[in-house]
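Asker: Given the coordinates of chain Y, work out where chain S should sit on it, guided by the hints.
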Amino acid sequence: MSRKFVYYGAGKSGGLDPDALAFLTATGITDPTITTAIDTLVKDLKAQSLWGKFRYIYPFVGSSATTNRFNLKDPRDLDVAFRLQFFGGITHSGGFNPNGTNGYANTFCAPASNVTFNSEHLYITSNTNNTPTSSNPVDTGTLNSVSQTSLLGISTATNSEQFASRMNQAVISVLNANRIGSYCATKNGSTNLRLFKDSLLVANGTSGGSLPTFYNLIGTLGRSQSGTNTSHFTNQNYTFATYGDGLSDTDVANLTSIEQAFNTTLGR
Amino acid sequence: MVAKLTEQQSDELKGKEYTKDSVFNPIQDANDNWVISLEEVEQCDIKWVKELSLIEYEPKQTDNLI
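So the sequences go chain by chain: Y and S.
When we follow our numbering, the leftmost residue of the first sequence carries the number 1, and every step to the right adds one.
When we follow our numbering, the leftmost residue of the second sequence carries the number 1001, and every step to the right adds one.
Using C-beta positions, here's what the derived DEER-type ranges look like:
1) S:Lys1014 to Y:Asp77: 18 to 28 Å
2) Y:Thr265 to S:Glu1042: 25 to 35 Å
3) Y:Gly267 to S:Glu1042: 21 to 31 Å
4) Y:Ala170 to S:Ala1030: 25 to 35 Å
5) S:Ser1053 to Y:Ser224: 25 to 35 Å
6) Y:Asn159 to S:Leu1054: 27 to 37 Å
7) Y:Thr91 to S:Trp1048: 17 to 27 Å
8) Y:Ser113 to S:Lys1016: 27 to 37 Å
9) S:Asn1031 to Y:Asn159: 20 to 30 Å
10) Y:Ala81 to S:Trp1048: 27 to 37 Å
Far from chain Y by the CB rule (all over 12 Å, computed), these chain S residues:
11) Gln1009
12) Glu1012
13) Asp1045
14) Ile1046
15) Trp1048
16) Glu1051
Some chain S residues flagged as far from chain Y (calculated, every beta-carbon gap over 10 Å):
17) Lys1004
18) Thr1006
19) Glu1007
20) Asp1011
21) Asn1031
22) Asn1033
23) Val1049
24) Lys1050
25) Leu1054
I should point out that these hints are in silico values taken from the structure, not numbers from a laboratory.
Where a beta carbon is used, it is the ideal one built from N, C-alpha and C, also for glycine.
This is chain Y alone, in the form it adopts within the complex (with noise of 0.2 Å):
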């Protein structure tokens, strides 16, 4: 009988976090740089106490589909475990890059199965400034009506300039004439719905409402129960996706330092 020994890197796999090398054995990653990040962020997540507050994270690495699916949290091949499932057109170089036409991912995290109202957060990154080219386009969320919604745009409004969410109600939005950077938008423990970019509070304001039932989607918005869309369409490249718990204002500048870091270690 054989057996295989797998290294990573220029130091042996037993130097890893298990999450992190969890992750790349389910991507079959062995790029010594990809593994370097991955481990990196894992750790800081976990030093600053933010690891459990996440249902997935979606680091978009590996440049395929394959790789790119795969949640950091739970690497699973399973739609329980809110592995990405893919629709229509779509670009993995570097990201997870919809077409704006018809590409977008599934989560199958539904809000109201697995966050507490009034504490959620949704984060997304973006690497490009696109002009969007479908009506009314929203990066990641889902809808079930719009006082049972939580949903993050960063292309929003006739003008497509405006960053603004809605979660769990009433709409909260600023300007964003430059569609790259993170964003971060959460409640954490009241109605108090507020706005990051780039870790910066950027608007903040009520929002009630109530926990929506339909998947999250990347790239649109869900709008039925089933995760299909057919609407809502984004055009930007995402280096960079997360959904879980509210973040106290030191939570979104924690993570956006440690996602940024990631992202230039990846030198994108």
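Answerer: Chain S in isolation, oriented as in the chain Y frame:
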């Protein structure tokens, strides 16, 4: 540009993988034509899909939710 489908062709592609881990997503444009993207056409290996005629994409107007 997008590739134009009949409704029957659209039904045939829905839910089918066009490449590993990616599924066709036919949608209707502003003129109610069924269409798929060039990425789907280029990455699939279905002969009749590669022979579909191309048209300019005109997005259907959707409700402004934010």
